[in-house]
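Chemist: Below, each chain spelled out in residue letters.
4 protein chains.
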Amino acid sequence: MQSSVLRPGFVQVRVLDMEKAIAHYRDIMGLDLVGIESDGRAYLRAYDEFDRHSVVLRETDTTGLDIMAFKMVSPEALLAARKALEARDVKCEVVEAGEQPGVGERLRVYMPTGHVFDFYTQMDLSDIGPMTENPEIWREEPRGMRIVRFDHCALLGEDIDASAKLLIECFGFSIAERGLDPDGNNMAIFLSCSNKAHDVAFLKAPLEGKLHHVSFLLESWHDIGNAADLMARRDVKIDIGPTRHGITRGQTIYFFDPSGNRNETFAGGYSFYPDNPERVWTADQYPKGLFYYEREVVESFVSVFT
Amino acid sequence: MQSSVLRPGFVQVRVLDMEKAIAHYRDIMGLDLVGIESDGRAYLRAYDEFDRHSVVLRETDTTGLDIMAFKMVSPEALLAARKALEARDVKCEVVEAGEQPGVGERLRVYMPTGHVFDFYTQMDLSDIGPMTENPEIWREEPRGMRIVRFDHCALLGEDIDASAKLLIECFGFSIAERGLDPDGNNMAIFLSCSNKAHDVAFLKAPLEGKLHHVSFLLESWHDIGNAADLMARRDVKIDIGPTRHGITRGQTIYFFDPSGNRNETFAGGYSFYPDNPERVWTADQYPKGLFYYEREVVESFVSVFT
Amino acid sequence: MQSSVLRPGFVQVRVLDMEKAIAHYRDIMGLDLVGIESDGRAYLRAYDEFDRHSVVLRETDTTGLDIMAFKMVSPEALLAARKALEARDVKCEVVEAGEQPGVGERLRVYMPTGHVFDFYTQMDLSDIGPMTENPEIWREEPRGMRIVRFDHCALLGEDIDASAKLLIECFGFSIAERGLDPDGNNMAIFLSCSNKAHDVAFLKAPLEGKLHHVSFLLESWHDIGNAADLMARRDVKIDIGPTRHGITRGQTIYFFDPSGNRNETFAGGYSFYPDNPERVWTADQYPKGLFYYEREVVESFVSVFT
Amino acid sequence: MQSSVLRPGFVQVRVLDMEKAIAHYRDIMGLDLVGIESDGRAYLRAYDEFDRHSVVLRETDTTGLDIMAFKMVSPEALLAARKALEARDVKCEVVEAGEQPGVGERLRVYMPTGHVFDFYTQMDLSDIGPMTENPEIWREEPRGMRIVRFDHCALLGEDIDASAKLLIECFGFSIAERGLDPDGNNMAIFLSCSNKAHDVAFLKAPLEGKLHHVSFLLESWHDIGNAADLMARRDVKIDIGPTRHGITRGQTIYFFDPSGNRNETFAGGYSFYPDNPERVWTADQYPKGLFYYEREVVESFVSVFT
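Chains as they are written, first to last, in this note's numbering: chain P, 1 to 306; chain B, 1001 to 1306; chain F, 2001 to 2306; chain H, 3001 to 3306.
You can trust all of the hints, since none of them are fake.
If you want a taste of the chain P side facing chain H, the calculated C-beta under 10 Å gives, among others:
| no. | residue |
| --- | --- |
| 1 | Glu136 |
| 2 | Trp138 |
| 3 | Glu141 |
| 4 | Arg143 |
| 5 | Gly144 |
| 6 | Ser220 |
| 7 | Asp223 |
| 8 | Asp229 |
| 9 | Arg233 |
Hints were generated in silico from the structure; no laboratory data involved. Even for Gly, the Cβ is constructed at its ideal location relative to N, Cα and C.
If we strip away everything but chain P, and leave its shape as in the complex, we get:
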């Protein structure tokens, strides 16, 4: 089955100190600051994204994820998804156009894992997005970590099967990989709505609505190394990496923003197609699935989240 979702479109993250957050996301990571609105939220984007923004930072006294939002192929597809959700008695609501600048009406879905997922079909194009007439490969040389785009989120919650089921049945997502516990239950589900190895992942934990990490795409292993250099030079706290995931095969660094939200730079996963057989990791090999070189799970990976 094909997904009616194009891609994860934006993420809204809570930060404790906006000035430090902007220094991190703009100056070190290299995102463009689109603007700061009157309600204090800061909007950012990566150089290769057409849409107006992909990262929204909201300053408050807690950390974590406000919203993960997905752009859909068409209003018809969104309406069909809404009907499917309502048929399942999933709590939904409409967020009016303009709640974020340049973003049309969104369907807000309260996911079984406690996460807020928004689905929308319209966002203004960025003024400084990729060129379209005789396009140069980029307008200005990519800065900082040379982030290409916002890529995916990994989210923590209890009933990950239920959240995955909604994405599959109502939005056409496919399971790319699963990690199992010793009893054969899902510990981790990696879902794709595209040709990426994952667009969202759910990790089982006795928690509700928590964020494991927000991930950003880099072009290559070379850029992973460059990002690590920048993190070390600029005193960004690295959680683990550079390393490779067995799951998705992605090359990765986990690190933290100044508020403690975990970020990831990610490159090199395989091309996924919905007719691919599912990849499954048994409990004994799951650590190798998470960290292919280390083959063990760092303590912080399972204990630190926001």
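Using the hints provided, position chains B, F and H relative to the given structure of chain P.
Modeler: This is chains B, F and H only, laid out in the frame that chain P set:
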């Protein structure tokens, strides 16, 4: 609109000397030889493809393209496409399951540019495809040019607008980029059915059913360099490269198989989504679109084809 | 001052099981097996080395380093070094030509840290060394980890200042970097006889003649990633990495051969010249010097040696 | 034999328009502008060089090379070289300390090929050179083409054998590679005073004192690709590349500064040691030695110089 086509699934190419062709595609490029059937056709695949084969070589006394074939999401989607084609009086026919080993029934479409496109929904999985239970990143270390998968074809013909129109209207392809002549007519159309910058391209020329090149995906610019080293070391004739396309932003080498069919190794194009604005190249900048570093078209590029 | 030593020429290492050792150094790391002599020693070399061999494995019931050997610029330079050593009452002896196949007479020096260093000026050229008439970039595609050459050793001992002093005064080595303890004493000394950031390193420990690691040169960070993939795929035990050293700036993986001797793959350190100012790491920053991304010393790094 | 020369230390190049030259060397290539002195000369350096400057631009109405200058290991070595030159009646003169800011006395040698070579032993250290106390891998992220250092020059002249002979006999250079004409005479001589594949090259031509190119070191093939992107984006005229030399095995782009002086970005040549056998290219294979992928010499390569 979303495409009902998953990807270019395989290509059948005519070669003059099978022994030399296998030495090229298997030993230098590094594809796996799946088998040679009793009718003499050789079947090959790249290490990261799940399906049984993606390249078919047929020895005969001409060169060029027999078939470009696409795997679709579902039999229902194939049926819908068939109806849409028939409504347009496009010549189609059914190729029975088993005409190629492991491949189900195909719908054969005679394209306005003179190319034969097959569409199918079933191919056997390879015995040596990517692992699915606690999968290693690869079974055996990728050989030769470390080709990940068959990527796309570029095809030469007269009425490229008509062929593009069929793929868009009947199969949901999107135009990623176009190159224009001085009068504003399409000289080149790059079409995507996925998140790739192109899955097939049409180049306008007073020809029918001709092949410009068959392209194979590499992982990175590093692997482009490695492929160039191998070509030079093994006396493979390079047409142009390593270089970069402005169009698709792909990093590339064009080279020739021993029969004179042009191959490409390709890496690093952008991620395409069907809501992306079209990119357009005016006639004066089209050479830069083709070859971003050279900004001029090598003579062989426009005069050599099969 | 300039060094009269060209480079570390070979290393002789003790292994517990020759068959497993060869599987590691030849099949996984990708060195060429030059031959196994009648006394059981195995001789290997990397693809880009002109000399007959650079790694000698000796099977016995202990692990560690027998000899680190250096090739000098000329017999005159060797003689001058010998006189300088004798003037300092350093224990030396002559190892006759032919003790290793293809190697001329060696001057054996018993270093204050308990290591055996051999110095020589003649080794036969390899039959399969780099080409010299219209040379291809390599004869055959580099295999395995694509090791370019044997690079350096890091050695553990008590009086590292004394060993360094001999190399500086008698052989013209330069100190590239030093790591200090809280009292300002040398904890680590990195010495160069060339344009490499280090050709040998001494690490202070209450030990005698011990080996920390034998290091091999790779071409780039890309090849470091490839080596990590191979290690993970082939169940080679990784100690730490891929990561970067602050000291030497080298990109690195530490791993173990089947006997427990630590190996390193190394790429990307800076070009050193003997007029460069010394780089010094204070005790508090020394962990960052060792592991620039992690900024802490893994336990095994200081507790495991052979 | 070992060389008494450490490295090519700086180059003084004539440019037609200083403003455009600085825009090229500083803003696009990414060198630091150390300063512009009262006589109008501009001094630049690369991020990984300890010495005050390595590139000097002089605005005048001709292009080409004023001086190629080499830093030697010691005043004693310089004196010995001077005596050797005088014994051969080579025209020399002393350039006083301070002729360039921060540079000590230089011995100026008028080479048989018409080039002016300066040899010196003292230059002030840069204030923003590599860190030495707990050194970060760089102070600020490398800009532009991420040039590591000035690497070498290739020079055109008639009696290249005589110039090479002086460098070998008086300064201890070694020949790494030679290219021959059909009669077996030297067409090109590549000389090393270090572990680089070449520190200076002479190309035979019926010319005197001409410059073929000034070359700058990049870290890897990846950075060669990045440099090509920058050149294309910023309208820098590329002569040829990205490609690889057979000679030296270096990965390369040739391009032009705004005055028409040819620059090169260079990465990845082999490590040279003076005991390496000489590599020789016969006339028929010399084009492959120059351009390993193309195997033919571009017209501009042999007809454009300054």
